Amino acid sequence: MTSAIAALWLREIRTFVRDRARVAGAVVQPLFIWALLGVGFSAAFRLPGADQSPGYVAFLFPGVIALVVLFTAIFSTISVVEDRQTGVLHAALVAPQPRLALVLGVLSGGVTLAVVQAALVMLLAPLAGLSPTLLGAGAALLACVLTAIALTALGFVMAWRLDTTRGFHAVMNLVLMPLWILSGGFFPIDGAPTVLRWLMLANPVTYGVAAIRLGLGEAAGAPVGLPAALGVLAVFAALLLAWAVQTVRRPLYA
Amino acid sequence: MTSPLALDVQGLRHTYRGTDRPALDGVSLAVAPGERVALLGPNGGGKTTLFRCVTTLLRPDAGAVTVFGFGTTAEPAAVRQRLGVVFQTVALDGVLTVRENLSTHAALSGLSGAEARTRVAEALEAVGLVDRADARVKSLSGGLARRADLARVLLHRPPLLLLDEPTVGLDPTARRELWDALDALRDSGTAQLVATHLLDEAEACDRVTILDRGRVVADGTPDALTSSLGSDALWLDSLDAEALAARLAARGLDARAVGRRVLVVADDPAALLPDLYASDGVAGATVRRPTLDDVFAARTGGISLSPALR
Numbered sequence: 707m708t709s710a711i712a713a714l715w716l717r718e719i720r721t722f723v724r725d726r727a728r729v730a731g732a733v734v735q736p737l738f739i740w741a742l743l744g745v746g747f748s749a750a751f752r753l754p755g756a757d758q759s760p761g762y763v764a765f766l767f768p769g770v771i772a773l774v775v776l777f778t779a780i781f782s783t784i785s786v787v788e789d790r791q792t793g794v795l796h797a798a799l800v801a802p803q804p805r806l807a808l809v810l811g812v813l814s815g816g817v818t819l820a821v822v823q824a825a826l827v828m829l830l831a832p833l834a835g836l837s838p839t840l841l842g843a844g845a846a847l848l849a850c851v852l853t854a855i856a857l858t859a860l861g862f863v864m865a866w867r868l869d870t871t872r873g874f875h876a877v878m879n880l881v882l883m884p885l886w887i888l889s890g891g892f893f894p895i896d897g898a899p900t901v902l903r904w905l906m907l908a909n910p911v912t913y914g915v916a917a918i919r920l921g922l923g924e925a926a927g928a929p930v931g932l933p934a935a936l937g938v939l940a941v942f943a944a945l946l947l948a949w950a951v952q953t954v955r956r957p958l959y960a
Numbered sequence: 416m417t418s419p420l421a422l423d424v425q426g427l428r429h430t431y432r433g434t435d436r437p438a439l440d441g442v443s444l445a446v447a448p449g450e451r452v453a454l455l456g457p458n459g460g461g462k463t464t465l466f467r468c469v470t471t472l473l474r475p476d477a478g479a480v481t482v483f484g485f486g487t488t489a490e491p492a493a494v495r496q497r498l499g500v501v502f503q504t505v506a507l508d509g510v511l512t513v514r515e516n517l518s519t520h521a522a523l524s525g526l527s528g529a530e531a532r533t534r535v536a537e538a539l540e541a542v543g544l545v546d547r548a549d550a551r552v553k554s555l556s557g558g559l560a561r562r563a564d565l566a567r568v569l570l571h572r573p574p575l576l577l578l579d580e581p582t583v584g585l586d587p588t589a590r591r592e593l594w595d596a597l598d599a600l601r602d603s604g605t606a607q608l609v610a611t612h613l614l615d616e617a618e619a620c621d622r623v624t625i626l627d628r629g630r631v632v633a634d635g636t637p638d639a640l641t642s643s644l645g646s647d648a649l650w651l652d653s654l655d656a657e658a659l660a661a662r663l664a665a666r667g668l669d670a671r672a673v674g675r676r677v678l679v680v681a682d683d684p685a686a687l688l689p690d691l692y693a694s695d696g697v698a699g700a701t702v703r704r705p706t707l708d709d710v711f712a713a714r715t716g717g718i719s720l721s722p723a724l725r
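In the order they appear, the protein sequences are chains A and B. Under the numbering used here, residues 707 to 960 are what the first sequence spells out, in order. Under the numbering used here, residues 416 to 725 are what the second sequence spells out, in order.
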């Protein structure tokens, strides 16, 4: 089964790399958002309780990394919807290897793409005025991996239930935007109204952003410590992964 | 003990959730090892549902499907190991090369390393695509892409192939080449169940099963099916085929409207002609040896496979 997983992983990477529009969109869009929002809000933005603002450009940077992970991870699973239309999904399902290989192959491909791109963006940390330690950067990267597992699994579960890429885009935009806006990457969790704060604490991406933030040494505004953030992320990742594995066992037709 | 059938379908029934009409209503059919069976039927006749049940993608409400003795619900993995499935669309990635696609699928078939490479080379050889192995699939013509897709299902050497209208959209030359490949596979003992709308393809099969509204309405060799309509079939041209068919049926004749024509099945239809010409509304008549299309029209309640007769 490992060779089937590896083959599906390689397929995800190859189809991504050969689609230049996807490569450009996945990296450039979050950087645009960083540049535009970061510069636009920097004058108005003050962290609550902080005399000295870290600057919105620095505050937003971990959120932008999370956004790269979010976009790439979730939209990588659109391949499942496309494969259903072309028949590649059916071909994979009637092939002798178990369906578990399909989930793990697709997810590992999406996680790889998301983490590699997040790592590339992370190299820009000095531009944001951040100088993380090697260990801190490693922790941030681990947070990216766990977030990517959680979100590719979520995307897979949705993709399995949807017939059209149009439907997938609609549902994912509905899910993606709140996940990011309520992650503590865009505005800090402290000082948010109570209802919003509860929503933010229930959002797995919040812990991803917090861990990336703490790893990169941009500590202001993180709701929990680094080990706690990574722990919660790991639990979210495990639960969503289990959901994806369970989903693929559902019959394609009924 | 006799060896198990390549495919044995017994009393298959299925109704999709949210629908009233059963998609399959007690279907039984069989494919012997090495045999090629055509599955004919109008759209909505149940072919796709039958394929989904056989390929383990759908669990039927009732009935049983076995592939070389393995049940699709009890042992789906053993069934898939023995099955190669060609869908209506080419199930390959356009941006990947033929070889890359086949390597992916070899891994999905449980092959790895040198064995996988050997099988990919064999499959490319079998469909005559060795020289295009490193071309991206989207750069191939429809016929070549179809053959690449056929190579995909040969990697694990399945003894039974299911083909769902494998030549849709192909020009005559490409169709011929695909069938040459299928002929070679049958000669080497690979059983085949081919869903098709094309009569010459059905005639190239050992047996023909006609599926209509979820039931098997005819099953036999092409010769047996055509001779079941007698030695000759009579086609009448009419301005109002429905009315003419009703009048003839009232006189005790086996007559049915097929599009704008009426098919009369009788032992000696030519003898009926003088009498029929006297009837109102008969504008012309043709007597010829029955074809599979006539069988199809007679058994499926007046639908013709051939567009010219619709």
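Keep in mind that a hint or two might mislead.
[As the list claims (entries may be wrong)] From chain B, some residues computed to sit far from chain A (all C-beta separations above 10 angstroms): (1) A477; (2) A489; (3) A506; (4) D508; (5) A521; (6) A522; (7) A529; (8) G604; (9) V632; (10) G696.
[Unchecked claim] Across the chosen pairs, the derived CB separations fall in these ranges: (11) G937(A) to P448(B): 53 to 63 angstroms; (12) P419(B) to G937(A): 49 to 59 angstroms; (13) G433(B) to T871(A): 48 to 58 angstroms; (14) R532(B) to L826(A): 45 to 55 angstroms.
[Claimed, not checked] If you want the footprint, here are the derived chain B segments under chain A, 3+ residues with CB under 8 angstroms: (15) 469-475; (16) 495-501; (17) 509-519.
Note that these hints are calculated values from the structure, not bench results. Here the structure is a predicted model, which means the values were calculated and not measured. The beta-carbon is built from N, C-alpha and C at its ideal position, and this holds for glycine as well.
Could you tell me which of the numbered hints above are not met by this structure, giving the numbers in increasing order? 3, 4, 5, 6, 13, 14
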